[in-house]
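Protein chains: 6
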Amino acid sequence: VLTEEIRDQLSRASVAAITLQLQRRGIRSTFFEGLRPLAEGQRMIGVAHTLRYVPIREDLLPALGRANAQRTAIESLAPGEVLVIEARNELGGGTLGDVYARRAMMLGAVGIVTDGCLRDTPAVKDVGLPVYNRGSHSGTFSRVHMPLDHQVPIACAGVTVMPGDIIVGDGEGAVVIPAALVAELAHDALQQELEDEWSVQRVAAGESTEGVFPISKERRPEFETWLAERTKATAGDQ
Amino acid sequence: VLTEEIRDQLSRASVAAITLQLQRRGIRSTFFEGLRPLAEGQRMIGVAHTLRYVPIREDLLPALGRANAQRTAIESLAPGEVLVIEARNELGGGTLGDVYARRAMMLGAVGIVTDGCLRDTPAVKDVGLPVYNRGSHSGTFSRVHMPLDHQVPIACAGVTVMPGDIIVGDGEGAVVIPAALVAELAHDALQQELEDEWSVQRVAAGESTEGVFPISKERRPEFETWLAERTKATAGDQ
Amino acid sequence: VLTEEIRDQLSRASVAAITLQLQRRGIRSTFFEGLRPLAEGQRMIGVAHTLRYVPIREDLLPALGRANAQRTAIESLAPGEVLVIEARNELGGGTLGDVYARRAMMLGAVGIVTDGCLRDTPAVKDVGLPVYNRGSHSGTFSRVHMPLDHQVPIACAGVTVMPGDIIVGDGEGAVVIPAALVAELAHDALQQELEDEWSVQRVAAGESTEGVFPISKERRPEFETWLAERTKATAGDQ
Amino acid sequence: VLTEEIRDQLSRASVAAITLQLQRRGIRSTFFEGLRPLAEGQRMIGVAHTLRYVPIREDLLPALGRANAQRTAIESLAPGEVLVIEARNELGGGTLGDVYARRAMMLGAVGIVTDGCLRDTPAVKDVGLPVYNRGSHSGTFSRVHMPLDHQVPIACAGVTVMPGDIIVGDGEGAVVIPAALVAELAHDALQQELEDEWSVQRVAAGESTEGVFPISKERRPEFETWLAERTKATAGDQ
Amino acid sequence: VLTEEIRDQLSRASVAAITLQLQRRGIRSTFFEGLRPLAEGQRMIGVAHTLRYVPIREDLLPALGRANAQRTAIESLAPGEVLVIEARNELGGGTLGDVYARRAMMLGAVGIVTDGCLRDTPAVKDVGLPVYNRGSHSGTFSRVHMPLDHQVPIACAGVTVMPGDIIVGDGEGAVVIPAALVAELAHDALQQELEDEWSVQRVAAGESTEGVFPISKERRPEFETWLAERTKATAGDQ
Amino acid sequence: VLTEEIRDQLSRASVAAITLQLQRRGIRSTFFEGLRPLAEGQRMIGVAHTLRYVPIREDLLPALGRANAQRTAIESLAPGEVLVIEARNELGGGTLGDVYARRAMMLGAVGIVTDGCLRDTPAVKDVGLPVYNRGSHSGTFSRVHMPLDHQVPIACAGVTVMPGDIIVGDGEGAVVIPAALVAELAHDALQQELEDEWSVQRVAAGESTEGVFPISKERRPEFETWLAERTKATAGDQ
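Protein chains in written order, with this note's numbering: chain A, -14 to 223; chain B, -14 to 223; chain C, -14 to 223; chain D, -14 to 223; chain E, -14 to 223; chain F, -14 to 223.
Okay, chain A solo, but in the shape it has when bound (with noise of 0.2 Å):
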């Protein structure tokens, strides 16, 4: 679904402009709250793969062992895939560290979401993978989590996602786009993004912000010959 026109538009719009899109349409709940890009200035564009973490039960050890959910996971990350992890927003222990991150980039992941900790913090920001975590712990799992299952839907940091759902990320955070939407949800989000900009450049010449943000009809034609002009413009950089 991630066409090169999609992605084109996602990577020039924030994911607060794609976030109030969705808000526009009646999603509300699709920011990643309280968690943090790991690197200033990061940005990712990504397909869903999911990963679920329940509370360890040490009688079940034996049989989830066996399956290990959480290296299946990783070893089945196809290209352009983000990792998003479910972890109930624990701080006790780590949920992913520097081996598997590896893993994950050779294999073409783009990115990793976790709502709990980043374990060996300073070796994962080495491998240069974007990742959004809640903090950092160096317990391994095995202290509070045992992984469950992969690919199914979970709740992260307040949000659901399906797998195959879209993840953007900026420095601000990350965001999940239904799949089903994603098409007109960058258009849309880059539309928005273009219409800050003039906002913010009438701002910037002093105008108020009156008329000007949000853009109003009387303004309006004025911002599409602006925007006609910047396009043009912005294909003959190319």
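Hints are computed from structural coordinates only; laboratory data are not their basis.
Here the structure is a predicted model, which is why all the values come from computation and not from measurement.
Treat the hints with caution; some may be incorrect.
For chains that are exact copies, the list does not tell them apart, and a pair is met inside one copy or across any two.
Stated by the list, open to error - Straight-line C-alpha distance at most 20 Å; calculated EDC-like pairs for lysine to aspartate or glutamate:
1) K110 / E203
2) K110 / D134
3) K110 / D(-7)
4) K110 / E214
5) K110 / E182
6) K202 / E180
7) K110 / E25
8) K202 / E25
Given the coordinates of chain A, assemble chains B, C, D, E and F onto it according to the supplied hints.
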């Protein structure tokens, strides 16, 4: 798996004694943290029937609404089951109201555990089914939740619950027992309860806890004698 | 705005039914989250009289102390009013004690809602006024609070309350109803309550919830008949 | 330090009146925040015997286990003492169960305060000793705690407690009184209670709180007369 | 009230020195708890212009939307002002984005303090205005908030702020200074800063902190001499 | 106990590798939860010197002020020590400022761990000592704390610390190592680190994690060969 003998043993053991026996086997997270009995003195023994809620995603409602995991879970309850709901410890919306609670009881369910909120709590209380919950909220689940699936593994109040696990509750709270362990667990928990009963009697008679709690090797014969007599006496009662 | 008919309807509807009707109108945040009834089974219907506390700023005490918003709020309570206090969900100090609670009752106030703590809770309980609060703290408000103003818009337990809003409480908690909507809301909430009553009766008679809760188009005539008979019977009672 | 007169005064003053007198002396943190009485209407006056728990460190268990601060604390309780436990407001494990609670009572202890959880709460309730606690957890302390030492200064529910401090509890919660201040504090708190009683009577008679609460200079003679008569009447009762 | 001299003094004192001087005057709650500087090393001095958000009440939107307190607050900002937003420490939605941040800067505002979330944080960072905030959320304020009023007293991050109060920020966080106290406060905070500078120099020279921090009566003449020389030297620099 | 060899091993192992080795020995709570390094990339190895804060009790200040546990702790720091402060995870006041931080460094201390707040954070950062803290607050400790004692067992960020324990920190956080275990722990943690290094190299070369992480019996000889060569090469470097 809940034979008459096991039920009898579990009904005479406290949740505290059961939890201790699980800890002794290295199973640490079995008590539903922060949930309270709805009615004072209530007791509950049953088989887990799980229901999973995730954060609402309005775009998924049409598909999930048709499936309606909440109704399916309730209507498929079998006699002797306890409905256990994963609701992410969320306090911002209800997870179950009085109509479904009554239907659950009509179908022979013996209790409800939810790590979220009850809705219409006074009416649910009138139903009379034992309930363990985190709080109350008069909003419907759609304020924050979306029922996703039932009879799948869940995380409830810090505890992983598998369909078919045994759930026991008393005036303190509720605990999960792995189905495979319930026979030995019930036996050992009752034994633990009886040891505590003896310890309490000794302490009430003015003894120090030294050697009495836990029971030392030296005092164990004394306990065994007491236990034998007590068992005989109880048998005579029947 | 609280006519006899509206009062009657509200007194027969649960807070859950009222909240559901508000949700149906797209008004999502009306239930005071995390507040509990002080006495079991209490009920309350009244008009909001608001009081706002802010964090103590010792330099402002001389000016604000002369004004004394707490006393002014209490002494200006009119019959039928509910005192609603914004205290930032703070657990570190009381917001109201027994003398003011008694004065409120003497002036005809019908209840108190505070998202902070009661002080001298046993004595307040003796006053007999319905109270919804977050907790108890025996310190006076000056430990953390400063009364700022009364009869201004406030935020209480996650709900915005305007002076003159209608506040209804039952054994579950309390809810705010916008004054402009109270007539239609009371009617529809009571209708909701009656539908639920029918659903419960059908379920108690052994029916599935399918078609019965919520009431399907097919079953609605049946409900209407039941309702007509019930209304006649009730009228006969009077 | 707890003479008969001081006990009498403390038993007639509320925890709220005591806390107010401590605040007046600039001692701000004396009320155990967030702890609740186990039984409705319970009251407690005693001398603090402290017990400190720290997070479990399995390597330290052999040494600390031999010392066993929990048992030592319980077995060394003297008549009139209140066991006060520091447990870091932790909700993940019990701090005391019914056997030790009963032993405490047998030794003449008059109450228990813990900022952690009770274990086997129903059985502890049967013991009948006044308890103030944060919650309940059926796991043993070893799930998260390790008893370290007793009769040392502790921090409990936001309050520093020294061995020998006076602890008073009522239906609202519990408060610590520095031993050195207990005589004057008991006197002034009772005086405060009597002033409040007069204020309540005036308000119940229909007066405004102005001048009545707190008692103004103008109304004080009236209060003094009432107090003198009340004291005489009470004396006559005896 | 912010004369050139006061600005100079405040710019040379740390927020820590200012807060200490406020504590010394018995004003305890002045530091915005839990808010962080958006950019490392930022500093800010200005006059508070307040804005109050309350929980969204959809029925009130038409009336409040027309008033639009957010736009009114921004558009009425005067040079030298700091916009201070009350958002109930809420992490579930933004309170301000980049267009309004830029408009604020264009109008001469010198900073923003919000106890809620920024929206489109990277773009706000580009604006370059000093910001102190609790977190980031890419959703718009309407997800949870409703702007109610501006230039009214507010509670922000545990601190009461009056319009016209002085707000100072550095790399640690931000603090409020009552306008009436700013002259003496600025003087004393700078003096405090200089004392600390001397203490640090003494410690860096190998001395114990005894007598040096805080400065004892015996060492004060030494400090005074150092201060006189330092002042002379600094004057020579200019 | 910190020989040159042990220091060398610890300096080459990550906090994650150390924590894992502690978990393997059944010691679960050793990582200071929720504390962050003040400066990016900082590292720290030292011996714990503990300091305990309790909630302020104004009546105890005269006695405790004379003792002044804070100054005593700082002034008695020995070269190679890490000051570890118990501050109950409290965010409402500082626990240490720049003058004491500098004095600590002058005395040869190698780091600071506090589960409370730094005060005057920018100035402390300038001192250059590695610090792990929960947050920042510009108020002095007397806003909420009272230094009680030093070189006693403490609970810090969920971890029990004994005077003399070994504290190691890196860019992720800090961990405690029981002094008695430090020799074997340092050896095994470095071994763990080297195994991870090999795993990362294999993964970076395109291998699956299967057999490579953790290292299987089949692959172990390969790792041993690599390790021998690596050790030789490193030795050649020196």
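Results of checking the hints against the structure:
1. K110 / E203: Classified as neither: same-chain Cα gap 49 Å, cross-chain 30 Å, threshold 20 Å.
2. K110 / D134: Result: close neither inside a copy nor across copies, 26 Å intra and 36 Å inter.
3. K110 / D(-7): neither (26 Å within a copy, 24 Å between copies)
4. K110 / E214: neither (41 Å within a copy, 27 Å between copies)
5. K110 / E182: between (32 Å within a copy, 15 Å between copies)
6. K202 / E180: within (13 Å within a copy, 47 Å between copies)
7. K110 / E25: both (11 Å within a copy, 12 Å between copies)
8. K202 / E25: Close neither inside one copy (37 Å) nor across copies (40 Å); limit 20 Å.
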